[in-house]
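Student: The chain contents come next:
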Amino acid sequence: MTFSISTPHEQFMGLHAKRSEVLSSNIANADTPGYKARDYNFADALKQIAGDRPSVTMKQTHTAHRNTWSDNALNAQLEYRVPTQPTLDGNTVEMDVEQAAFAENALKYRTSLRFVDGYFKSLRFAIRGTD
Amino acid sequence: MSFYKVFDVAGSALNAQQVRMNVTASNLANAGSVNGNENAVYRARQPMFETFRDSMDSSLAGVRVTGINESDAPLATRYEPNHPSANAEGNVYVSNVNTVEEMVNMISASRSYQNNVEIVNTTKDLLLQTLQMGR
Chain A
1 MTFSISTPHE QFMGLHAKRS EVLSSNIANA DTPGYKARDY NFADALKQIA
51 GDRPSVTMKQ THTAHRNTWS DNALNAQLEY RVPTQPTLDG NTVEMDVEQA
101 AFAENALKYR TSLRFVDGYF KSLRFAIRGT D
Chain B
1 MSFYKVFDVA GSALNAQQVR MNVTASNLAN AGSVNGNENA VYRARQPMFE
51 TFRDSMDSSL AGVRVTGINE SDAPLATRYE PNHPSANAEG NVYVSNVNTV
101 EEMVNMISAS RSYQNNVEIV NTTKDLLLQT LQMGR
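From first to last, the protein sequence lines are chains A and B. The first sequence runs 1 to 131 under my numbering. The second sequence runs 1 to 135 under my numbering.
No lab work stands behind these hints, which were simulated from the structure alone. One or more of the hints may lead you astray.
[Said to hold, decoys possible] A short list of chain A residues far from chain B (calculated; beta carbon distances all over 12 Å):
#: 1; residue: G14
#: 2; residue: K18
#: 3; residue: N29
#: 4; residue: Q60
#: 5; residue: T63
#: 6; residue: A64
#: 7; residue: P83
#: 8; residue: T84
#: 9; residue: L88
#: 10; residue: M95
#: 11; residue: A106
#: 12; residue: G118
[As the list claims (entries may be wrong)] With a Cα cut of at most 25 Å, we get these calculated PhoX-like pairs of lysine-lysine:
#: 13; chain 1: B; residue 1: K124; chain 2: A; residue 2: K108
#: 14; chain 1: A; residue 1: K121; chain 2: A; residue 2: K36
#: 15; chain 1: B; residue 1: K124; chain 2: A; residue 2: K121
#: 16; chain 1: A; residue 1: K121; chain 2: A; residue 2: K108
Just so it is clear, CB atoms sit at the ideal spot from N, CA and C, and this is done for glycine as well.
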């Protein structure tokens, strides 16, 4: 018998982890001339995970085969951020925007983590019958 | 786990800002230094930052210092015939370090450094919490 995590939060965690890479790249390049800040189109990526599965999927010929559609969702397009103020050196990193996005992303990761954690905790509770 | 790459990215930025801080320290230490030889006088230095992308994953962008540039801002001359290093005309050249610019650079480097330390701390926290999952 195998267990699979039925919540989309497992995929959300992967997406948040991926996004934290991009946001940390933006913050790291805050002083690099000509760097263009980027971010994932988060709404689309989440819709892809939570909603319909992508149109191209692998055929399951064995019950142990796993779908890798979560990886597909991680292919969400990276888009360039539109700055509110232009800079002389062409850098479009706005530190307050990036910090807010990073904090929000970390919080969302923690939220998804709590849900997945709760799933495992309730599994354990079911097995042991006690906390 | 993609979180580990965040440490590389933030680490490269910490390194670059550290170089910038070192260069600023050199500039401030040599501000106002004089020399009779125009070519030997200290000129303000500035690190050049460049984005470098991970060869496997182009969404990752670290920073590297490609070199240190010397400022070609004009040198001021002072007429000091009694100065031991004055040239034949009795002039000495003063380094072109602008202390106000350097102080701004120092504050900017220190703030950027702090930002990246914060990124490392938050990411470390998230990783540690993930390790505790299901306990």
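Student: The structure should be examined with respect to each hint, and the outcome stated for every one.
Tutor: Against the structure, the hints:
no.: 1; hint: G14; verdict: violated (8 Å)
no.: 2; hint: K18; verdict: violated (5 Å)
no.: 3; hint: N29; verdict: violated (5 Å)
no.: 4; hint: Q60; verdict: holds (27 Å)
no.: 5; hint: T63; verdict: holds (25 Å)
no.: 6; hint: A64; verdict: holds (23 Å)
no.: 7; hint: P83; verdict: holds (16 Å)
no.: 8; hint: T84; verdict: holds (19 Å)
no.: 9; hint: L88; verdict: holds (14 Å)
no.: 10; hint: M95; verdict: violated (7 Å)
no.: 11; hint: A106; verdict: violated (5 Å)
no.: 12; hint: G118; verdict: violated (10 Å)
no.: 13; hint: B:K124 / A:K108; verdict: holds (16 Å)
no.: 14; hint: A:K121 / A:K36; verdict: violated (42 Å)
no.: 15; hint: B:K124 / A:K121; verdict: holds (23 Å)
no.: 16; hint: A:K121 / A:K108; verdict: holds (20 Å)
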